[in-house]
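Protein chains in written order, with our numbering: chain A, 1 to 303; chain B, 1 to 332; chain C, 1 to 334.
Be aware that one or more of the hints could be misleading.
To be verified - In the DSS-like style, the derived pairs of lysine-lysine whose C-alpha atoms are separated by at most 25 Å in a straight line are:
(1) B:Lys20 x A:Lys23
(2) B:Lys153 x B:Lys131
(3) C:Lys67 x B:Lys20
By construction, these hints were calculated from the structure, which means they are not laboratory data.
For reference, the chains in residue letters:
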Amino acid sequence: MSLSEIEATESEQVEQPAGNLRKEAWKRLRRDPVALVGFGLIAFFVLVAVFAPLIAPYAPDAQPGRGIITPTNIPGPSAEHWFGLDASGRDEFSRVVYGARQSLLVGVVATLVGMAGGLLLGVLAGAFGGKVDAVVMRIVDVMLSIPGLLMAIAIAALLGASLWSVMIAIAIINIPVFARLLRGQMLSQRGSDYVLAAVSVGVRRRPIVFGHILPNSISPVIVQATLTLATAIIEAAGLSFLGLGSADPRVPEWGRMLADTQRYLASAPHLAFFPGIAIVIAALGFTMLGERLREAIDPKYRR
Amino acid sequence: MTSTEPLLDVRDLSVTFTRKGGPTVRAVDGVSFTVRPGETVSLVGESGSGKSVTSLAVMGLLPRRGVQVGGQVLFDGDDLLTLPRDRLRDIRGRDIAMVFQDPMSSLNPVVPIGVQVTEVLERHQDLHGEKARAAAADLLARVGIPDPTRRLKEYPHQLSGGMRQRALIAMALACQPRLLIADEPTTALDVTIQAQIIELLKELVQDTGAALVLITHDLGIVAGLCDTVHVMYSGRVVESAGRRELFARPRHPYTGGLLGSVPRLDAPRGAPLHPIPGSPTDVLRWDRGCAFAPRCQNRVDACTEGPPPLESYAGRSLRCLNPLTESEEVSA
Amino acid sequence: MLKFVVRRLLLLVPILFGLSVLLFVWLRALPGGPAQALLGERATAESVARIESLYGLNDAWYVQYWKFVSAAVQLDFGNSARTNRPVAEEMARTFPATFELAVAALIFAIGIGIPLGYFAARKYGSWLDNLSVSGSLLGVAVPVFFLAYILKYVFSVQLGWFPTQGRQDPRMDADHPTGLYVLDGLITGNPEASWDAIMHLVLPAIALGAIPLAVIVRITRASVLDVVHEDYVRTAEAKGLWERTITRRHVLRNALLPVVTVIGLQAGLLFSGAILTETVFAFDGVGRFIAEAISNRDYAVLQGFILVIAAIYVIVNLLVDVSYGLIDPRVRVR
């Protein structure tokens, strides 16, 4: 009793219609320092990616340090080359800046495609139920039975090394995540009062799914998409670290830049440090925003 | 009634909740009452009246964070509010025990009933192993749980609601406490079970001589059980009286309303019930007048001009400027 | 309980079936066809023909599938194109290494994660709590291989506290009857070899355990925060029980239920992380072998390893489900 009495005002919000809840969540988010920092990191990352040619002093494949580089002499940060030079004499800063483009592109495309695929499966399973549901969920189970990165490796191997195959591989491993999420949403909402009310007054299936259930499932999907952007960026870096990224070694990818420094870790640690930090910044931004978004939307996670 | 020193003496108890970024809420405000050995006392009120918070404050079970407790809670002369935590732990479960509202959530779902009973005996009576289990089985039998040895091994979800509440009562009675606090002990139960549990409590209290503080919103339960009744509204006591006087002549319009909204056996068939208009959230802050004024049919202008004092006369107390008269009783 | 286990086991059947179909199709969809894929890039026309007849690749698809499944059941996945040894033999060599690494990573993650999550929740809002919350956010945002680099650079290259790579000093004269080097040292009465193996495990285990650690801290904290507000904890307080009884019996026993599930999921995911960690530390396990198979297009290895890892993954999750039933009496009855 006692505490529930006091917290009653808080839990009553659950009963509010989605619109109100969303406004409330938005208000809470705007005052949340963690979410704001996350948003700032994302904005920084996106701006760097978009304006890479303006920010980077050199082209990503230019070799301004060609003459000075030897395997034992890879200069670190200096006034001229902020992040130092890499083993081929290229400007590390320019490559990290250009790398943001690949990372953002892969992250966004993979997430959007994965989300679209997952939503489609989820809606199919949730709306039709029965056999369709059983088949879809078995497929999802099988997909989830292979650890994500391993699955992505298998798919990327199938498609050959390219940026596109990385995107597709990561998109595919995220399909089951969204499919489960949406199916769960639909099942829980199918039994909810407002859907029953709509059914009882004779509204047909399609308007219910598209007019009621989907709009109400959007918040958790947005949260999941934000968090998926973070993991997609990390997974993409992992695949490219393993040599499954772009076939052209001149394309600056953070993951491969890290892999290439393997041999120079002792002599040129800056080559590992800067692309690594870049991945962390991008992934951390989406993680921070996503986690706080989830807490703001779902009171269950708040604490 | 024995006229010895009070066992429990609550003096000017106040509880204030502060939430970060929210307003402070004074859930209990200057509540005083006493319980003598063997006496049964009831705190009555709607949800939000502060009765449960009062009981938790007495037990020291309120969260430490964001809660300020003022006043004194004297038990046997010791102030429980200032007692070191370890001393308080010694008293809890041994001298003062508590039965809670929802027996499902108040029992640990992953620990067998037996362990949840014996742990009290182990803690306070130094009983262990087979001895403790035998004592626990006796306790379960005593509260009317059939086949107690088997039940000891079972988990809460395997028991019915009524059996769970009996098990909770068994745990509370394990060390023969001198004071039992029962917080809405029947609210979560079926109506038929409610009567059985009340009967059980009554019987046990009589047998063991424990004093009982019964917290409830249901005056029907109070009628058969309690010596003294304190009616609370929005954190303050608005009327206190012996059971008979209170039922025969309620003076506070809120008490009258509570009685009028309870079906009575002696009322003529078909006589309408009279719910209190408004809801417990329609309250005035006490410093601006009587908190019940917005819902009160006896309201006069003076009610909203300042807080009405609690005045004592003829063995009862009343906080009202325009109380019910004899003819108005149980507003018909 | 038995019914519960059997039902969970039956759920495995469609998953394993789907998995085998997926991998069967996968190998046939690879560029150059299955024979090329199995033999590697330098395959000659004769060897392709030989493989095709050997594996019956000209048979009807259902015959091929049947052969594939019956071979797989006997753990016959063909030969590695790179080492030219049976894939099963490579598994026997590499799985113990990764198992050892995964256990070390889990010990690290659980040993630190549960206490940290617990104390963060009990000291809600304190510096410790804030630290563990921000740490767990950071933990999932740092790529495993980057963390591995940092650890290797700081603690091996700069400080020299730990070896930079491998499972054991190659100069160490040690026998390996089980393939679990730490255990081997103890069995063969060579504690020095065990110690050396442990020192080689520390950094990879921390790198691999970082994400599970972050997840375990977060779940434990959230779960303890939920449980301490439960009515039964208040009941326990009302009984005057000692703080440690309440913590152990009433808080932790309930709060750890969701943590167990998460640990199971993470245990399976360790394979993903192992691919990257083992590459950085040249740790001779499953992950490194897979990474090398990728760069050498050693598809027979990939096919076999993926199938076995997926099978292990679902079985681990089954075990977690079953053990969940053991700790939560409510599941047991259902």
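Outcome of the hint check:
1. Of the pairs offered as hints, the one joining Lys20 of chain B and Lys23 of chain A holds, with about 20 Å between alpha carbons and a cut-off of 25 Å not exceeded.
2. Proposed proximity of Lys153 of chain B and Lys131 of chain B is supported: the alpha carbons are some 15 Å apart, at most 25 Å.
3. Distance check on the hinted pair: Lys67 of chain C and Lys20 of chain B sit about 67 Å apart at the alpha-carbon level, beyond 25 Å; violated.
The earlier numbered hint that this structure contradicts is number 3, and it is the only one.
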